[in-house]
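Chains as they are written, first to last, in numbering that gives the first Met the number 0: chain A, 0 to 252; chain B, 0 to 232; chain C, 0 to 50.
There may be inaccurate statements among the hints.
Below, computed lysine to aspartate or glutamate pairings styled on EDC-like, alpha-carbon distance capped at 20 Å [stated by the list, open to error]:
| id | chain 1 | residue 1 | chain 2 | residue 2 |
| --- | --- | --- | --- | --- |
| 1 | B | K226 | C | E35 |
| 2 | C | K45 | B | E220 |
| 3 | C | K30 | B | E216 |
| 4 | C | K49 | C | D37 |
Hint data in this document are derived by calculation from the structure and do not stem from the laboratory.
In this text the structure is predicted, and so the values were computed from the model without any measurement.
Each chain, letter by letter, is given below.
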Amino acid sequence: MNSTPAPDLSSPPEAAHAPEQPALAAAGPLASYWRSVLAILWKDLAAEFRSKELISAMLVFSLLVVLIFNFALQLDRVARENVAAGVLWVTAVFSGTLGLNRSLALEKDRGSLDGLLLTPVDRSALYFGKMLGNWFFMLIVQAIILPVFAVLYNLPMLTPLLLVFVVLGTLGYAGVGTLLASMAVHSRSRDVMLPILLLPVALPVLVAAVQGSGGVLEKRAWDEISLWFNVLAVYDVIFIAVAYMAFDYVVEE
Amino acid sequence: MLQSDRALRTLNVVTGLLLLAATGMVFLYAPLERTMGAVQRVFYFHVAAAWVGLAAFLVTFVVGLLYLRTGNPRWDRIGHASVEIGLVYTVMGAASGSIWARPAWNTWWTWDPRLITYTVMALIYVAYLMLRQGLEDPNRRARFAAIYGIVGFISVPITFFSIRIWRTIHPVVVGGSGDAAQGSFAMTSPMLQTMLFSVVTFTVVYICLLANRVRLEELSERVEHLKARLLSA
Amino acid sequence: MDTPDTFNYMLLGYAVLFGLPFLYVLSWWFKRRNLEKDLELLNTLKDDQKS
Chain A
0 MNSTPAPDLS
10 SPPEAAHAPE
20 QPALAAAGPL
30 ASYWRSVLAI
40 LWKDLAAEFR
50 SKELISAMLV
60 FSLLVVLIFN
70 FALQLDRVAR
80 ENVAAGVLWV
90 TAVFSGTLGL
100 NRSLALEKDR
110 GSLDGLLLTP
120 VDRSALYFGK
130 MLGNWFFMLI
140 VQAIILPVFA
150 VLYNLPMLTP
160 LLLVFVVLGT
170 LGYAGVGTLL
180 ASMAVHSRSR
190 DVMLPILLLP
200 VALPVLVAAV
210 QGSGGVLEKR
220 AWDEISLWFN
230 VLAVYDVIFI
240 AVAYMAFDYV
250 VEE
Chain B
0 MLQSDRALRT
10 LNVVTGLLLL
20 AATGMVFLYA
30 PLERTMGAVQ
40 RVFYFHVAAA
50 WVGLAAFLVT
60 FVVGLLYLRT
70 GNPRWDRIGH
80 ASVEIGLVYT
90 VMGAASGSIW
100 ARPAWNTWWT
110 WDPRLITYTV
120 MALIYVAYLM
130 LRQGLEDPNR
140 RARFAAIYGI
150 VGFISVPITF
160 FSIRIWRTIH
170 PVVVGGSGDA
180 AQGSFAMTSP
190 MLQTMLFSVV
200 TFTVVYICLL
210 ANRVRLEELS
220 ERVEHLKARL
230 LSA
Chain C
0 MDTPDTFNYM
10 LLGYAVLFGL
20 PFLYVLSWWF
30 KRRNLEKDLE
40 LLNTLKDDQK
50 S
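Full structure from sequences and hints, please.
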């Protein structure tokens, strides 16, 4: 990470290209805000595509969970269809916890978070950058797991409606998870702290996502599923807004 | 919280008297309920403990906001004390409810939305205490605890409504009809008065416990402070 | 309708309702005693340092 080129961050634009400053101001503070968010996101993605340690760990773990569930629940054909949504989301949530912990722990150990804090970047841009990165990793894992899952469980997993639930569910989980992980990494027992903090708070995501995707798999009518869609949407909005406001206080020194 | 010793002592005495009066009302004033028998008397303190437990977590939420705004360590002490007391109340409510449910619903536990929500809420605040324990720096501990107290409390209603969609057998005490729910009963006015008095009493007990707990925390901080000064000298 | 005898359940319920807070307050008492002992020790140490 130390060698990672972090565009825009290590060298603030106004220092490097002083004449460009008016243009930047004309583009508006919002544009420069999102540029820093994207820069942080890009830093995480670049580091990950080089090492691939986060995604590979999440992926192998997910596959193991899927297999273990199959043995632990002694799933026959009918039972598999009934619990598929539950297994899918437990897999997503556990591997997501793994990823969140790792992503924020790396940030702390390498001191790159402290470095980022020295730059004139809005702190909440840090949150959105990290959150989008974590969300993206969860989505990549899901993109690989879903087809595997469809084959193993012999279910049509790749319907658009199910993907909507996957996108919304992982968004809410990464949204509140990034905030809590950034606190958990400071605690003495940080490896066990995150799931304990995150799982009870994120329970509504799990409930709504399981019910919603279960409804999709059982081919229920939209009327019955839309309720869960709404719950997920409300949760996502509220928790990302709260995390956005609270993040300033997490990184404050 | 209460500055003078005398005020605290008065509060302790008043709380004791109120608790005595509430106990008297529960056993002597409230009538025996016909269909469930004596166990229904658990109801008064059960409801009071459950409601005030929830209120304690609301207090943590509010002082969490105040702490983040002002940075005054007193709000942090109150938030911490409130979570501890709220947890004691929550366990009291859950245990007494379970004991009541055994004869009324014929089971110790049911997967009812309100029960699940309450359990999850208790786990959130156990996590709150564990988070505090894991953080050394007092400033950071206070900040993180305030944030988690806020995030945790916001998730409680969402948890409740997302689980609510499954049907409930827990009787709705205030508002709405509990006719369909097993274990509900028609409340006569002595019963209602006893319940309301219990809730008021438990609120005062909560305030009294909070004041004493904050006092204890201040003593503990004084000891820590002195220890640190002696070690550095 | 017969009123069932649930007296024992009521007893158990109130044992819990009074027992738990009692234990909680008892834990304060121990904590407080230890703290006061510490405080006394620290104060004597401080006096020793001065002299």
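Hints and how they fare:
For the suggested pair B/K226 and C/E35, the alpha carbons sit about 13 Å apart, so the restraint of at most 20 Å is met. Between C/K45 and B/E220 the alpha-carbon distance is near 17 Å, which keeps this suggested pair within the 20 Å criterion. Note on C/K30 and B/E216: the hinted pairing holds, with a Cα-Cα distance of about 10 Å set against a maximum of 20 Å. At roughly 18 Å between alpha-carbon atoms, C/K49 and C/D37 fall within 20 Å of each other, so this suggested pair holds.
The structure fails none of the hints (numbered hints given earlier).
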